[in-house]
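Top line first, the protein sequences correspond to chains A and B.
Per full-length UniProt numbering, the first sequence runs over residues 1 to 237.
Per full-length UniProt numbering, the second sequence runs over residues 1 to 237.
Hints may contain errors.
Copies of one chain are not kept apart here, so a pair can be met inside one copy or by any two copies together.
What the hints assert, rightly or not - Cut-off 27 angstroms, straight-line C-alpha distance, at most; resulting in silico cross-link-like pairs (BS3-like, lysine-lysine):
id: 1; residue 1: Lys42; residue 2: Lys213
id: 2; residue 1: Lys42; residue 2: Lys169
id: 3; residue 1: Lys42; residue 2: Lys118
id: 4; residue 1: Lys118; residue 2: Lys139
id: 5; residue 1: Lys169; residue 2: Lys213
I should point out that these hints are in silico values taken from the structure, not numbers from a laboratory.
If you're wondering where the values come from, they're calculated on a predicted model, not measured in any experiment.
Each chain, letter by letter, is given below.
Number of protein chains: 2
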Amino acid sequence: MNKSAQPVHAKILAFDVFGTVVDWHSSIVREVQALRPAVDGKAFALAWRAGYRPAMARVMSGELGWTRIDDLHRLILDSILPQFGLDDFSEADRQHLNTAWHRLDPWPDVVAGLTRLKSRYTICTLSNGNIGLLTNMAKRAGLPWDCVLSAEVFHAYKPDPATYLGVAKVFDLAPAQVMLVAAHQDDLAAARECGLQTAYIERPAEFGAARPKDVSPDPANTWHAKDFLALADQLDC
Amino acid sequence: MNKSAQPVHAKILAFDVFGTVVDWHSSIVREVQALRPAVDGKAFALAWRAGYRPAMARVMSGELGWTRIDDLHRLILDSILPQFGLDDFSEADRQHLNTAWHRLDPWPDVVAGLTRLKSRYTICTLSNGNIGLLTNMAKRAGLPWDCVLSAEVFHAYKPDPATYLGVAKVFDLAPAQVMLVAAHQDDLAAARECGLQTAYIERPAEFGAARPKDVSPDPANTWHAKDFLALADQLDC
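All chains should be modelled from the sequences, with the hints used to inform the complete structure.
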């Protein structure tokens, strides 16, 4: 699905990461159950992720100074452990579990899809994850980024316009020469407001196979693809 | 050459770029002579590069606000063109020539050496070049960075400690777990002051084959290698 007339050829594909590139839900389930097999891993993963937006909002409101996602993840982790009967976790266990976000597995189409897309485009992350997290994740999972861009570079979290426009500035391009690729309509809508092109990727199992997500197309997006391989087909890569 | 007792195993190799990874001198000669075959390309390359440190010093002193290398390169370019009888260069020629720094060629050992080093280490840039410049260069030359770090991320130019310590912070490591790889003793000395390990790379032709550079070892460095392949040998990659 694509608009018949593409006004500008995008040069940069900037990818949202959590949910779009990697399957955070099943990876967090795996990691917490490796430490405590009896815990309700699915509920734990959802609770941890649910703290993510409110934590970033505390940074963007100025209540917290600039704080990286690694540190926000740790604040949320410490706050939810008691609800799951895990408040006896040692400091070492907490540190190890907190870096589970560096060890998220990519969706099955991702490495092959990115490799094809990289042949015609510069591919970079545009994630609220910090640079170290994204680099460690890429190294473990074999994600072939040309460049790791992060909220940490811009000192602003998506959906702040400084992030989307920051990608264009880094590459000295017009916003329309950058395309955000994401599995979240709100992220794409904010990018579109800044003049970026957008590609929606269906990730129906983002919150677990038992809780399928609405992946209906929004005609406002430039592209809509089932996965990265389908996007590569559409973009002639 | 290496010290017999390595106190800490480095996890990150951070690379200086201009002169260490890429041969700016002969690449700039090629680019300017492609526009004007009769110009003294070697003198032109040296003059352009000679403006680099003073321009960064104007930023770090506060005389200029934060300014990327692309923009500093342009200021220097405009100032030296008249000396070479090139003040008739069009705006399009100036813009094209200014991005010659995105099109620098790597030394012959670089791609193979980095590929080997990447198998055991996280490899990143630590350059005063801006992120877009470094990413475009890597894409053209096939440099397989895990991550592109730049003065632009830290809003400070080397040898400011914020750059060397910034790499350690990004990866949540102690400074001694980071190694700077560079062909410049002053860059390495500043990194050592911050607690980083250091590897010196010989690039005798950095300023042109006609002006060989002193590449004597300094025993203060952790490693000294002829090129990236020799460094990979020393680091068992």
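**Study point:** Structure-inconsistent hints, enumerated in ascending order
**Key:** Numbers 2, 3 and 5 - these are the hints that the structure violates, sorted from lowest upward.
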